[in-house]
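Asker: So the sequence shown is residues 1 to 157, counted in the numbering used here.
Keep in mind the hints are simulated off the structure, nothing from the lab.
Careful, some of the hints might be misleading.
To be verified - Straight-line Cα separation of at most 27 Å, DSSO-like style, residue types lysine-lysine; simulated pairs:
1. Lys150 / Lys136
2. Lys12 / Lys143
3. Lys21 / Lys136
4. Lys94 / Lys75
5. Lys26 / Lys136
6. Lys108 / Lys61
7. Lys21 / Lys129
8. Lys21 / Lys33
9. Lys19 / Lys152
10. Lys61 / Lys47
11. Lys122 / Lys54
12. Lys26 / Lys129
13. Lys108 / Lys94
14. Lys152 / Lys136
15. Lys122 / Lys21
16. Lys47 / Lys101
17. Lys12 / Lys156
18. Lys68 / Lys101
19. Lys12 / Lys150
20. Lys61 / Lys75
21. Lys122 / Lys26
Note that this is a predicted model, so its numbers are computed, not measured.
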Amino acid sequence: MVQEKVNLIREKVNLIREKNKLVREKSNIAQEKANLVREIVRMAQEKASIIREKVSLVRDKGNLIREKCNIIREKDRTVCENDNAVYDNMIHEKDTMIQEKDNLIHEKDAMIHEKDTVNQEKYIMIHEKDTIISEKDAMIHEKDVMINEKDKEIQKI
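Whenever a hint applies, use it, and build me the whole structure from the sequences.
Answerer: Dropping the structure here:
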């Protein structure tokens with residue numbers, strides 16, 4: 001009878017150890033999830049910064065287009081062919097600058113897309129961590145039930 005009680009207590013201790021191991025694993029997974037969330041926040045901040053840079057580039061491009069339009073209007077007001085060549089060069093310079101802004105804007109769009117892709121991957125990883133945490137919770141609950149059963153068996157003896 002005493003030996004049976006000792007055996008039950010040992011089984012209970014082993015169950016508690018297993019439960020503690022599950023709790024530690026769950027805690028580690030929750031920490032990994034928290035790290036992923038922090039990375040997502042950091043990436044979102046970087047994305048916001050890139051978007052601000054893009055907005056600035058679009059604004060610059062708009063200013064260049066206005067300058068180009070002003071040059072074209074000025075060119076239309078003049079009749080001298082020599083002046084037209086100067087205006088044509090100025091227009092070409094503005095077109096080049098506008099194209100450079102377009103290229104930079106395209107680069108910013110690519111960077112934004114990259115951040116979105118990485119964050120999407122992190123969201124998937126977080127979902128996976130949540131699933132694992134739920135599984136660990138279920139296993140911990142099972143261990144609690146088994147521990148309670150052992151307690152009842154021990155009390156009977």
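Asker: To test your reading of the hints: which numbers does this structure violate?
Answerer: As far as the earlier hints go, not one is violated by this structure.
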